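Asks: One-letter residues, chain by chain:
There are 2 protein chains.
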Amino acid sequence: MKKVQTSDSAKMRILKTASDLFYRQGYRSTGTNEIIKKAGVAKASFFYHFPTKEALALAYLQDLHSHEAENLLKFVNERQKPSDRFLAVIKWIEPWIKSNKLRGCGFLNMVSEVPDKKSPLRKMAKKHYAVLGGLIRQLTQELVNSDPKRYRHLDVSAIADRYVAIVVGAIALSETAQNTWPARQGVEVVNALIPIP
Amino acid sequence: MKKVQTSDSAKMRILKTASDLFYRQGYRSTGTNEIIKKAGVAKASFFYHFPTKEALALAYLQDLHSHEAENLLKFVNERQKPSDRFLAVIKWIEPWIKSNKLRGCGFLNMVSEVPDKKSPLRKMAKKHYAVLGGLIRQLTQELVNSDPKRYRHLDVSAIADRYVAIVVGAIALSETAQNTWPARQGVEVVNALIPIP
DNA sequence: GTCTATATTTGGATAGAC
DNA sequence: GTCTATCCAAATATAGAC
Chain A
1 MKKVQTSDSA KMRILKTASD LFYRQGYRST GTNEIIKKAG VAKASFFYHF PTKEALALAY
61 LQDLHSHEAE NLLKFVNERQ KPSDRFLAVI KWIEPWIKSN KLRGCGFLNM VSEVPDKKSP
121 LRKMAKKHYA VLGGLIRQLT QELVNSDPKR YRHLDVSAIA DRYVAIVVGA IALSETAQNT
181 WPARQGVEVV NALIPIP
Chain B
1 MKKVQTSDSA KMRILKTASD LFYRQGYRST GTNEIIKKAG VAKASFFYHF PTKEALALAY
61 LQDLHSHEAE NLLKFVNERQ KPSDRFLAVI KWIEPWIKSN KLRGCGFLNM VSEVPDKKSP
121 LRKMAKKHYA VLGGLIRQLT QELVNSDPKR YRHLDVSAIA DRYVAIVVGA IALSETAQNT
181 WPARQGVEVV NALIPIP
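As they're listed, the protein sequences go chains A and B. Take the first sequence: its letter number 58 is residue 58 in UniProt numbering, and every next letter is one higher. Take the second sequence: its letter number 131 is residue 131 in UniProt numbering, and every next letter is one higher.
Read the hints as simulated data drawn from the structure, not as lab findings. None of these values were measured; they are calculated from a predicted model. Careful, some of the hints might be misleading.
Chain copies aren't distinguished; within one or between two, either way the pair holds.
[Claimed, not checked] Below 35 Å or equal to it, Euclidean Cα-Cα: the simulated DSBU-like pairs (lysine-lysine) are:
hint	residue 1	residue 2
1	LYS149	LYS43
2	LYS149	LYS37
3	LYS123	LYS53
4	LYS101	LYS74
Could you put the whole structure together from the sequences, leaning on the hints where they help?
Replies: Structure representation (structure tokens):
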């Protein structure tokens with residue numbers, strides 16, 4: 001049985017174990033019993049730190065959001081040219097889904113698993129993609145500002161919306177097809193959103 | 001409690017009830033007990049017709065695939081012009097997700113719910129989108145054939161792949177955002193895949 | 001093919017001691 | 001904060017009669 005660093009606090013061990021299991025196996029397929037065993041904690045310790053399974057799932061999503069935003073931003077900021085920065089988001093997808101072994105997006109998967117539309121878990125997913133949309137909008141605006149003559153006619157908001165949808169399609173179809181081609185085709189589609197340089 | 005037509009056979013009542021619940025509530029969130037109650041059958045009758053819950057889910061997906069393929073084909077075949085037929089698939093998405101109350105795609109949702117990559121349920125989802133890709137490829141080829149001079153340079157396979165990914169993005173993001181805008185933006189993105197007429 | 005009744009495991013969550 | 005022991009409901013599935 002795979003276990004987590006015993007040097008961490010019980011709370012951290014629970015969160016790390018659950019994050020791994022929730023992502024790989026899904027939220028509903030992962031029982032609290034399994035998390036408790038693999039984290040090496042007592043049952044009561046689990047519910048001491050997280051009053052419900054849903055509270056733990058919320059912590060998982062918050063953690064996931066922070067880490068993914070950080071990694072993506074780092075990838076974008078390795079580039080200087082506005083057109084490179086603009087394309088960075090969709091170019092990030094292929095290596096990212098590969099490293100995730102084609103298990104897709106933890107937020108999209110959570111939405112599918114949680115039917116209740118008012119669930120805080122769904123709210124987190126919505127927020128995650130709203131933040132991504134904000135980043136893309138900003139990169140699009142930077143691109144337009146870098147060459148106003150060429151890009152003057154572009155609708156920044158519409159392009160950002162389309163871009164997010166393309167990202168989601170690349171991720172979700174990669175999981176269903178168990179192949180990375182949607183991520184690569186996504187790069188071409190995003191490229192077509194702006195005039196040929 | 002919502003029940004199904006009692007005039008149907010027990011097997012049909014089970015399948016119809018389960019299809020509704022699996023789609024709206026998700027596969028794992030729906031217990032066999034609930035299906036049994038709402039279908040108005042005995043426990044043993046359930047397992048007589050469907051040896052496992054998974055077998056029922058498989059029947060659900062097969063049914064869903066047939067119905068969705070039929071409806072989409074009808075929508076496409078109401079059009080004659082190759083460019084209209086080509087665009088019909090993405091234009092179908094907005095009314096379709098609305099009628100589904102933004103619960104997304106039963107196949108994508110199933111993939112998220114089932115972690116096992118060898119599951120027959122995942123295979124069905126993969127096949128569903130392979131068939132959709134085939135239809136789109138065919139419509140793209142028709143379009144190219146209708147005006148070879150204009151479309152000669154197009155890569156039919158690449159366009160079809162991109163098109164499917166855009167469809168998936170429109171559906172999945174509509175569910176997460178609980179809004180139809182991704183479907184409308186999808187139309188614009190697909191439009192940009194081919195030269196302006 | 002359909003029924004009632006039951007088996008068995010796992011689900012999330014708690015009581016009370018240390 | 002962490003532990004052992006336990007509760008109860010819900011999960012999937014089966015036995016055996018009609």
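Asks: Confirm or reject each hint.
Replies: Against the structure, the hints come out as follows:
1. Neither within a single protomer nor between protomers do LYS149 and LYS43 lie at most 35 Å apart by alpha-carbon distance, with minima of 63 Å and 70 Å respectively.
2. In this homomeric assembly, LYS149 and LYS37 never come within 35 Å of each other (Cα to Cα): the closest approach is 61 Å inside a single copy and 66 Å across copies.
3. Within a single copy, LYS123 and LYS53 get their C-alpha atoms as close as 17 Å, and across copies as close as 30 Å, so both meet the 35 Å cut-off.
4. Proximity of LYS101 and LYS74 under a CA criterion of 35 Å is satisfied intra-copy only: 21 Å inside one chain copy versus 37 Å between copies.
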